[in-house]
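Read top to bottom, the protein sequences are chains V and S.
Each residue of the first sequence is one higher than the last, beginning at 5 in the working numbering.
Each residue of the second sequence is one higher than the last, beginning at 1268 in the working numbering.
Some hints could be false.
[As the list claims (entries may be wrong)] Result set (BS3-like, lysine-lysine): computed pairs, CA atoms no more than 25 Å apart in a straight line: (1) 1304(S) x 1289(S); (2) 1325(S) x 1338(S); (3) 1304(S) x 1324(S); (4) 13(V) x 1289(S); (5) 1309(S) x 1335(S); (6) 1304(S) x 13(V).
Honestly, the hints are just simulated from the structure, not real lab data.
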Amino acid sequence: DSGVTQTPKHLITATGQRVTLRCSPRSGDLSVYWYQQSLDQGLQFLIQYYNGEERAKGNILERFSAQQFPDLHSELNLSSLELGDSALYFCASSLGWGRNHEQYFGPGTRLTVT
Amino acid sequence: GENVEQHPSTLSVQEGDSAVIKCTYSDSASNYFPWYKQELGKGPQLIIDIRSNVGEKKDQRIAVTLNKTAKHFSLHITETQPEDSAVYFCAASTTGANNLFFGTGTRLTVIP
Chain V
5 DSGVTQTPKH LITATGQRVT LRCSPRSGDL SVYWYQQSLD QGLQFLIQYY NGEERAKGNI
65 LERFSAQQFP DLHSELNLSS LELGDSALYF CASSLGWGRN HEQYFGPGTR LTVT
Chain S
1268 GENVEQHPST LSVQEGDSAV IKCTYSDSAS NYFPWYKQEL GKGPQLIIDI RSNVGEKKDQ
1328 RIAVTLNKTA KHFSLHITET QPEDSAVYFC AASTTGANNL FFGTGTRLTV IP
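So that you can see chain S by itself, here it is in the shape it has in the complex (with noise of 0.2 Å):
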């Protein structure tokens, strides 16, 4: 099955600086992959996602860049502000299957 591996398991950031997230893949078959977010005590909320058809989406202060051949995608936060700190997990799935893949979480921690 999918293998989904995600780092840093931890990251601190000052206020206003950028945060990067990366995670790898083992199935090339899977073709979506989504962000959450995690806040303590809450579900996860789905941030952003992208499809292997796209090599990059961004809304706003985050953005989603994926390479299909490298099987990476990662998360970009940029201006990073204190209610940005949360748990963010990647995830992967693929067609017919749709259940997600999730990778082990990044605890987030913005400095103000």
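For reference, chain V alone in the conformation it holds in the complex (with noise of 0.2 Å):
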């Protein structure tokens, strides 16, 4: 266990609906990052907050928007869902920003549009 919590485990819905899948980072980091694991993409880095600001951006559609509270958790919103945009999102979470902490990975949420 990482001590990164995700929720829901499963998610599904439907093609043009929007859904917020929500992160606890590790006690103590301050970190938070989301990636997007499919089997055509693999695992890809979408965006990363520091103690409630945005730090980094990666492949992350203009669809999709997150944000980190006062209490460090994260939320990821995806909306005008595609079928494309089924996959496993996770979050990692890290001690701080500009050095190379290591990151530990939450169990994801599997996201299943129909």
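Mind docking these for me? Both chains are given alone in their own frames, and the hints should help you get the complex.
If you want it as structure tokens, here you go:
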């Protein structure tokens, strides 16, 4: 158990809908990262937050957004969902930002868009 | 951006044999190289990492080597056991950016 928690474990929704994925980092970690894992794209970085502020952006679609709250939990919002958004979404956390701190991954949320 | 290539995509070994997985990276600024193990239905688990100021690192049956000049790094698992069966991912990142660029994964099967 990495100490990173994610809810829900599974999510099934229809095209065009909006969902919110939630992540709580390990105790003491200030950075949160979101990654998407799909069969065709592999594991891809989406976005990083450090202590409430966005620090890095990867291949995140404009339909997706995220935020990190004062209690350091993070939410990833996916809107206008398409079939191709079906994937595993992982949250990872690390101690800080600016140095290469170890990243620990949560168990993931499996999103299925029908 | 960084491009990480990983080989082989699948690897089968007999229990007790060694397994080697190789990765190459493109960005010479990359200086942190972790390895993750992912079991079915679980998130990636950090098993070992190496930073660019070190050439080799060992932790019991697993070791990682780094060749900065050639821009490649490898994972070595000795005395493999059935519980080592999983998908292994290499990754690379740079100081400041922090986000990880992953290889495409290697499915390791250890045959009892």
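- Looking back at the hints listed earlier, which ones does the structure fail to meet? 4 and 5
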